[in-house]
Each structure stands twice: as C-alpha cells, then as structure tokens.
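Asker: As a plain string of letters, each chain reads:
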Amino acid sequence: METLIIILAGILVMVATYLILSKGLIRIVLGAAILTHAIHLLLMTMGGLKKGDVPLLGENAASYTDALPQALILTSIVINFAVTAFFLVLAYRTYQELKTDNLNAMRGFKDE
Amino acid sequence: MSTVNMAIFIPFIAAMLIPLVYKKLPRLHIGWIVLVIPTFLFIRLACYIPTIARGETYLYTAQWIPSFDIYFSTYLDGLSMIFGLLITGVGALVILYSIYYLSTKESLQHFYIYLMLFMGAMLGVVFSDNIMVLYVFWELTSISSFLLIAFWYHRKGSRYGARKSLLITVGGGFAMLVGFIMIYTMTGTFHVREIIAVIGEHKESHLFLPAMLLLLFGAFTKSAQFPFHIWLPNAMEAPTPVSAYLHSATMVKAGIYLVARFTPVFGGEAVWFWLISGVGLFTLFWGSFCAIRQTDLKALLAYSTVSQLGMIMCLFGIGSASLHMDANIEAVLYTQATFAALFHLINHSTFKGALFMVVGIVDYRVGTRDIRKLGGLMAFMPISFTVAVIGSFSMAGLPPFNGFLSKEMFFTAVLHVRKLDIFAMDTFGILFPVIAWIASCFTFIYCMIIVWQTFFGPYRREKLERKSREASPGMLIAPVTLALFVVGIFFFPNVLGDYILKPAMASVFPSFQSDNYLRQPISPWHGFNTELMMTIGILIIGTLLYMSRRYWKGIYNLVPDSWTLDNLYNNTLTQMEAGSSFITSFYMTGYLRHYLLYMYVFFILAVGGVLVYTGAFDFHMANDAPINSYEWMIAGVVFTSAIAILFAKSRLTSIILNGVIGYAIAVFFVLFRAPDLALTQIVVETVTTALFLLCFYFLPPWRKENAEPRSKRVNLVISIAVGLVFILVALSVKSGKLFDTIAVYFENADELAGGNNIVNTILADFRAFDTMLEVIVLLIAGIGVFSLIRLKAGKGAEKIED
Numbered sequence: 001m002e003t004l005i006i007i008l009a010g011i012l013v014m015v016a017t018y019l020i021l022s023k024g025l026i027r028i029v030l031g032a033a034i035l036t037h038a039i040h041l042l043l044m045t046m047g048g049l050k051k052g053d054v055p056l057l058g059e060n061a062a063s064y065t066d067a068l069p070q071a072l073i074l075t076s077i078v079i080n081f082a083v084t085a086f087f088l089v090l091a092y093r094t095y096q097e098l099k100t101d102n103l104n105a106m107r108g109f110k111d112e
Numbered sequence: 001m002s003t004v005n006m007a008i009f010i011p012f013i014a015a016m017l018i019p020l021v022y023k024k025l026p027r028l029h030i031g032w033i034v035l036v037i038p039t040f041l042f043i044r045l046a047c048y049i050p051t052i053a054r055g056e057t058y059l060y061t062a063q064w065i066p067s068f069d070i071y072f073s074t075y076l077d078g079l080s081m082i083f084g085l086l087i088t089g090v091g092a093l094v095i096l097y098s099i100y101y102l103s104t105k106e107s108l109q110h111f112y113i114y115l116m117l118f119m120g121a122m123l124g125v126v127f128s129d130n131i132m133v134l135y136v137f138w139e140l141t142s143i144s145s146f147l148l149i150a151f152w153y154h155r156k157g158s159r160y161g162a163r164k165s166l167l168i169t170v171g172g173g174f175a176m177l178v179g180f181i182m183i184y185t186m187t188g189t190f191h192v193r194e195i196i197a198v199i200g201e202h203k204e205s206h207l208f209l210p211a212m213l214l215l216l217f218g219a220f221t222k223s224a225q226f227p228f229h230i231w232l233p234n235a236m237e238a239p240t241p242v243s244a245y246l247h248s249a250t251m252v253k254a255g256i257y258l259v260a261r262f263t264p265v266f267g268g269e270a271v272w273f274w275l276i277s278g279v280g281l282f283t284l285f286w287g288s289f290c291a292i293r294q295t296d297l298k299a300l301l302a303y304s305t306v307s308q309l310g311m312i313m314c315l316f317g318i319g320s321a322s323l324h325m326d327a328n329i330e331a332v333l334y335t336q337a338t339f340a341a342l343f344h345l346i347n348h349s350t351f352k353g354a355l356f357m358v359v360g361i362v363d364y365r366v367g368t369r370d371i372r373k374l375g376g377l378m379a380f381m382p383i384s385f386t387v388a389v390i391g392s393f394s395m396a397g398l399p400p401f402n403g404f405l406s407k408e409m410f411f412t413a414v415l416h417v418r419k420l421d422i423f424a425m426d427t428f429g430i431l432f433p434v435i436a437w438i439a440s441c442f443t444f445i446y447c448m449i450i451v452w453q454t455f456f457g458p459y460r461r462e463k464l465e466r467k468s469r470e471a472s473p474g475m476l477i478a479p480v481t482l483a484l485f486v487v488g489i490f491f492f493p494n495v496l497g498d499y500i501l502k503p504a505m506a507s508v509f510p511s512f513q514s515d516n517y518l519r520q521p522i523s524p525w526h527g528f529n530t531e532l533m534m535t536i537g538i539l540i541i542g543t544l545l546y547m548s549r550r551y552w553k554g555i556y557n558l559v560p561d562s563w564t565l566d567n568l569y570n571n572t573l574t575q576m577e578a579g580s581s582f583i584t585s586f587y588m589t590g591y592l593r594h595y596l597l598y599m600y601v602f603f604i605l606a607v608g609g610v611l612v613y614t615g616a617f618d619f620h621m622a623n624d625a626p627i628n629s630y631e632w633m634i635a636g637v638v639f640t641s642a643i644a645i646l647f648a649k650s651r652l653t654s655i656i657l658n659g660v661i662g663y664a665i666a667v668f669f670v671l672f673r674a675p676d677l678a679l680t681q682i683v684v685e686t687v688t689t690a691l692f693l694l695c696f697y698f699l700p701p702w703r704k705e706n707a708e709p710r711s712k713r714v715n716l717v718i719s720i721a722v723g724l725v726f727i728l729v730a731l732s733v734k735s736g737k738l739f740d741t742i743a744v745y746f747e748n749a750d751e752l753a754g755g756n757n758i759v760n761t762i763l764a765d766f767r768a769f770d771t772m773l774e775v776i777v778l779l780i781a782g783i784g785v786f787s788l789i790r791l792k793a794g795k796g797a798e799k800i801e802d
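Protein sequence lines, in the order shown, are assigned to chains A and B. Okay, so the first sequence: first residue is 1 according to UniProt numbering, each after it adds one. Okay, so the second sequence: first residue is 1 according to UniProt numbering, each after it adds one.
Mixed in with the good hints, there may be bad ones.
Unchecked claim - Not close to chain A: a few residues of chain B, all C-beta gaps over 12 Å, as computed:
hint, residue
1, SER2
2, ALA46
3, LEU209
4, LEU213
5, GLU269
6, THR295
7, PRO382
8, THR427
9, ARG461
10, ASP498
11, PRO510
12, LEU545
13, TRP563
14, THR574
15, THR614
Stated by the list, open to error - Cross-link-like lysine-lysine pairs, in silico, DSSO-like; alpha carbons within 30 Å at most:
hint, chain 1, residue 1, chain 2, residue 2
16, B, LYS737, A, LYS51
17, A, LYS99, B, LYS792
18, B, LYS712, B, LYS649
19, A, LYS99, B, LYS712
20, B, LYS649, A, LYS99
21, B, LYS463, B, LYS553
22, B, LYS467, B, LYS105
23, A, LYS23, B, LYS649
24, B, LYS373, B, LYS463
25, B, LYS712, A, LYS23
26, B, LYS792, A, LYS23
27, B, LYS737, A, LYS50
28, B, LYS553, B, LYS373
29, B, LYS373, B, LYS105
30, B, LYS463, B, LYS156
What the hints contain is simulated information worked out from the structure, not anything from laboratory work. Just so it is clear, CB atoms sit at the ideal spot from N, CA and C, and this is done for glycine as well.
Chain A extracted, bound-state conformation (with noise of 0.2 Å):
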C-alpha cells in the first residue's frame, strides 16, 4: 500500500512540475495545487498505513493509527486552501490589469 501510494504521489509531482513549468498563469496555479495533494498523500504514508483503527479514544482499540500526520496534514490543507484562493485572485487580477496569462510576455518593466 505505502509503495502504491508513494508512486501515485510521485506521478502527481510529476504532472504538478510540468504544469508549473507551462507558460499559462492557471496552469501554475492548478500545479501548485497537485503539488500540495502529493505532499499530503507522501505525509500520510510515512505515518504508515492502515497501522491501527481511527485516532478516536473511545473505540477501545488495541492500536491508533498515528495522529501526528493528520494533525499535520489539517494545517498543511488549510495554509494551502488559503494560498490558493489567493493565488487565484491575483491571476485574476494580473490578466485583469494585463489582459494576457502569458507569462512569458510578463517581464517587468524595460527601465528595470
């Protein structure tokens, strides 16, 4: 399961680099996205997996499975969520002020 896991977070980096490396402002911000997915997924795998029953006192378990990534992971996909939605509005707001989503043609200013 690790391994499966661990590969599946490999291809997303693999899409979420070449995305990130397009020329399209959107493409970024979509890659940056996957980007955070696959790191979520590499966290939660190195906690291991399926280790124990849900971290969740009153089930009388024999093992929890480890809370620490979890708690790791809620904060990682909240900071992400709030990077995003910013990331988003400043595209918006470049191709708004610019009227292109090329970054190739966004290069400062000549006297720079």
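With chain A fixed as given, assemble chain B onto it according to the hints.
Answerer: Relative to chain A, chain B alone:
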C-alpha cells in the same frame, strides 16, 4: 593617553572641528589655523629626538578590542620617528604652501578635513605596533588620498585618477590584511615586536611565504612599484600641495615603511631579497625611462617619484641580505644599504617636495605645466628657478646637494652586493650596478629636462595664459625651506646620521646589538673610487644623451601605444564589466520558466546526486499494508485524472479533474483512518473548486500550450526526473530503519487534555501554536484577497509603476 597616541588623534579631532571653525571665521583662510597642528606635532616629536638617539623606545598601549588581541598600541622608535617627522614637517610646509596656493573660493574646509584625515591616518600607520590597527590606518590613508585626488571632482581626470588609485591601493591593502592574518595564525600575536621575537620558530611554516608575498603585494601597490605604479601619474590630477605631500613625501612611502618594519621578520630570506631589490631596481629603471617622454611636468615628477621609490626599495632589499649572515663585519657592509635607503628616504622627501611646489608655482603663475609651452622663465622667477635647480641637481645626484651623498651610497651598495655569494648573486649580481647606472643616466636626463625646458630657452609669451612673474613670498617659504634642507644635509649629513638614522637602523636590525657597526660617518669625498667614476660617467653620458635626445626619442615609439600597462588596466576593467554583465544577462533572462528550471535541475542534481553518490537507495515492501481492490481503483482514478489534466482541452475539464483528484484523496483519507482529514479535504476541495468556478468567467481561456516542442521535451524530462527523485527518496525513507513514533504519547489525550479525538487535541492543545498561526495565515489570505479585489490601482498609481 600618551603623547604619541594623542599625536595620532589630534589631526582627527582637528578634522572634526574644521567645519565649525570654518563657519565662524569666514574671512580668515582656514589653513592658518590648520597649520598650527602639524607644527605643534613636529615640535612635540622633535623633543623625543635626543632620547630616541640614546636608543630608548616608547610603547603606549590602550585597549581597543582586547578579546581579539587588538590593542591600540603605539611604538615610537627610530624608524617611526623618521616617518613621523617627515609627515608632520613636510605636512606643515605643505599646508603653509597650500594657504597661498588655494584661494578662498575653493571649498577649503573639505581640503583641510581630508588633509587632516590623511595626516592622522599616516601617523597611525607609522606609529602603530598592532598590525590590525596599522591596517585600519593604512586603508584610511587610501580613502583620504582618494578624496584628495578627486578634490576637483568636476573634472573627469580627477575622478578617473581617484578611482584608479583607490582600486589599486585598496586591492593591495586587502592582500596585506590577509598576509597579516596569516602572520597572526603563525605567531599568535598582532604586535610587531612580539612577531619579530618569535618569527624565528615559524620560518618553516607553510604560511610564511604566502604571508610575505601578500604583505609585499600591499607594500608594492602603495609605494607604486612596477607594475602597480600606474596609479601615481594619474593621481597628479590632485591639487599640487596634495601631490607634493601624499605622492612624493608620505603616502607612497608607507609601503617602504612596511618593508622596513618587516625586514626583521622576513629579511634574510632569498625571496624577500630578490623581490624587493629586483622589483625596486626595475622600478628605478622603468620610472626613469618613462619620465623622459613626459611632457607634463607633474607627470614627469610622478614617474621620477616612482623611480626614486624603486631605488629606496632596492636598497632595503640589499640591506636585508645582511640578516642572512651573522652580525659580523661582512654583514655590516650590507646594512649600509639600509642606511642609504633611510638617508635617501629623507633626501627624496626634501627635494621632491620642493620640486612639486616649484612646479605648482609655475603652473599657478603661468597657467600651464606643459614643457612644450614653457621656457625662459629664469628671468621672471629667479627664486623658483634656484629652488628647481637645487632640487633637480640633488635628484640627479650632483654635489653639493644631498642627492649626491645618497646616490654615492647607492652605488656603494650595488657594487658591494655584486660580490654577495648567496642567493645566486654570483650569476646575476653584475646586473645591479649596470641597471642602477643606466637608470641614473636617465634620472640625470629628466632632471635636466625639468631645469632647462622650464627656465632656459626662448620665452614664449604667446603660448602662456598669464604674464609670468615671481610667486608671492609666502608661497616661496615652503620650497625655499626644503631647498635649504637639501643643501644643509649635504654639508652636515652626520648630524642627521647620528640623531635620526642610527636609531632607525636599530629598529630595522634589532639583532645587531653593537651600534658601532650600524653607522659609518657620511662624507662627501671618498677619494677617486668607482662610485665617483660612475657619477662622472653619468654626468658625461647623461649630458650627451640630453643634447642628442631628439635623435633617440624614437625608441619610445618602438612599443605600440596600446601595449602600455595603463591600457591593460583599462581593458581589464572594461572586460570585467562586460564579462559580468554578459554572464548576468545570460542566466537572468526574466522568464519565470528558466528560474524554475534552475531550481528543479539543482534539486535533481543535489538530492538525486546525493542519493546516487551515497548509495542510500533501499527498497523493500516488508512492512507494507495489503492493498484492496477498491484501493487499486481509487489509485487508478487519481492517476487517470492527473494524466488527463495534461491533455485537457478546456479549463472546465481541468478544474473538474483537479476536483476529482481532491475528492479521491479525501476517500484515501477515509481508508487511512483519518476522518477529520477526510472532512476537511472534502470541504476545502469543494470550496476551491467553487472558487475556480466563481472566477471561471473572468479567468483567461485555457489555451493549448503553444510552447516549442523542444522546451516541451525539456519540461517533460525535468518533470519525470523530479518525480523519480521524489519517489526514490520517499521509498528509501520508507524502507529505512526508523525510530518508533512518538504518537503513543498523544494517546493520553484524555488524561492530558480531556479530549477523545487525538487529532483535535493535537491541533488545539498539544500543538495549538501551529493552529493559531494557521488561522492567521487564513486571515492574511482573506485580507489579501479582499484588498486585491477592492483596491484597484488608479491612474496615479500607473505613474508610480513607470
């Protein structure tokens, strides 16, 4: 605070007070007040002469940075006394001269502030015992000299000369600093006297030679030795008092002081001997050779300074040979070279200072320094003419002036060194007297040019800007005083020898205890010996060459103009600028993709390289959990949608596919026993997708990526490589031996935090700090989104962007 420490600080304090006084006394020439300082210091220092002559030295120490062994310690001995007297004495005369030279229309306060800074720094250099403090003052002289050269900063030449001198001298200064640090590493002390005491144990150290070379690099750049002499002629853009003071009498001798001061440390080594005497000898020749072709009097004097400094340097090199031997009679023979060097050091300051001042007077009165326009000034300027004759004839080495004595001693030294049987001198020794003699012939010629071209010949009124007349008496005081010294030293050289030079010799040769060895009386008449013959030869050959110089001037055109060292310096600078701007514009393209590529390539090489290089890859599936069929299916969904995004035709498809990946991951969280994560992931994914769709209408159209096939291939390769490195590292980490998890601790959530949901207790109790900051991130993002949408740049803001 002792007197010597105060002597260093008084000029700095004066520099601070000058602007205040300048404002208060607008009518008075500020130079009169400044004049008091070097005069006072000169008298104060002169009071030490008798005690120093008895062999006493003074050491004062004040704390500066004791934890780094940096003490503000000053050491007054014979050597620093010579320099101290020169700095203050010539300084006083130069200031007196400058009062008449510079009118009150100039920004005088700046001039005197820089000059006082320089004087204080120079006194600091010669009195410092701690080499780190010495370095501080050393750089201060470079900086104040930079400011003084560029005093008329509106002139292009001044700025060029100032920059050139700063680059070269500061470059040398840095090298010297490294050398000093090496010395400290070897000996464990920054104090010159302690270094001299313990250096004998470290001669075999591998740092010994580099330290020596770096130190010499500093000394050669400062003292304008070949090939670093090129800054000195350009520094002549400075006002003439500055040229007379800095570039003949004091700053250019800082390197010589350094060599003299460190002779007890490095002297006796073949490298030291050869570098100093060889470079000095060549500089002597090259400077005198180049001086002849100059048409600007100050440039001519600059090259003559270079030449004379080379001669002094050469003498110090020869003198250092005696440290190779024991203190016997034969060794003492070579110490006479050092004696001659110190003697000529003083002589050069006197006659060169006087010559510069005369040239300044000519420039001031006539309006030009070009020898092609000058001529026949003798009748108009008799006193300046007399001073010029005294200075030039002394520089040429003619009696009855002090230059004759030092030149004779120089010949004695080079004739002696020929017979030296160490350092392979039996092969090359003959070069010393030959080159020295040829260089002296050239010296004679350019000295004659100064006198004859300026003061004799036809008077050409039409080429001159102003009507010629003698300078005011005040302007003549300083050069006449120096000229009196030139003559006075010739007639009473032994007074100088006993009181000034002998204690300085003791500083250079601390191991030679019996001071009777270190001094022989100077006499102008030795009988008919080789030295005298050489001088007569110079007189005859030099006169012939001077008369016939128009016939052999062609040799200066043999080497093309573009082959000069100046051109080398200029081209190096241009090439460096062009090269660095080429490199920078080569990789700083402004394309985001390129920068990302650098990062990814670095990631692949660094992380992947380490993985391969250390052989850390390790993979087994022993601890893996089993995979169910529906888990295969979800993995298949994620895989398919991820690949499909790359080929999506519309932005709606890609947004939905992204949503699919998000929901599939939420399902994975369910399978991995993470209910909170699954909930959050579903909510967040929904909101993100909603956001994408909300912006949908405003977002740019999803175009097909129209990149070149080549860059697409590069992107593909890079992405696959990044993914592979990611997978390999993750797999190795998974399969490695690890410590047990600390999560067991959090299973006490009920007792410790009173909650049953472990994840939530971690978030809100065990590690609540993370959560707080995460909330702040969310808040900031919210504010950011809000302000991006609401606050739009108006027309005014567009101008700011331009």
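Asker: Decide, hint by hint, whether the structure agrees.
Answerer: Each hint, compared with the structure:
no. : hint                 : result
1   : SER2                 : 56 Å, holds
2   : ALA46                : 61 Å, holds
3   : LEU209               : 48 Å, holds
4   : LEU213               : 44 Å, holds
5   : GLU269               : 55 Å, holds
6   : THR295               : 45 Å, holds
7   : PRO382               : 62 Å, holds
8   : THR427               : 63 Å, holds
9   : ARG461               : 54 Å, holds
10  : ASP498               : 69 Å, holds
11  : PRO510               : 61 Å, holds
12  : LEU545               : 60 Å, holds
13  : TRP563               : 40 Å, holds
14  : THR574               : 24 Å, holds
15  : THR614               : 20 Å, holds
16  : B:LYS737 to A:LYS51  : 17 Å, holds
17  : A:LYS99 to B:LYS792  : 15 Å, holds
18  : B:LYS712 to B:LYS649 : 17 Å, holds
19  : A:LYS99 to B:LYS712  : 25 Å, holds
20  : B:LYS649 to A:LYS99  : 21 Å, holds
21  : B:LYS463 to B:LYS553 : 24 Å, holds
22  : B:LYS467 to B:LYS105 : 22 Å, holds
23  : A:LYS23 to B:LYS649  : 16 Å, holds
24  : B:LYS373 to B:LYS463 : 6 Å, holds
25  : B:LYS712 to A:LYS23  : 11 Å, holds
26  : B:LYS792 to A:LYS23  : 25 Å, holds
27  : B:LYS737 to A:LYS50  : 19 Å, holds
28  : B:LYS553 to B:LYS373 : 19 Å, holds
29  : B:LYS373 to B:LYS105 : 28 Å, holds
30  : B:LYS463 to B:LYS156 : 24 Å, holds
Violated hints are absent here; each numbered hint is respected by the structure.
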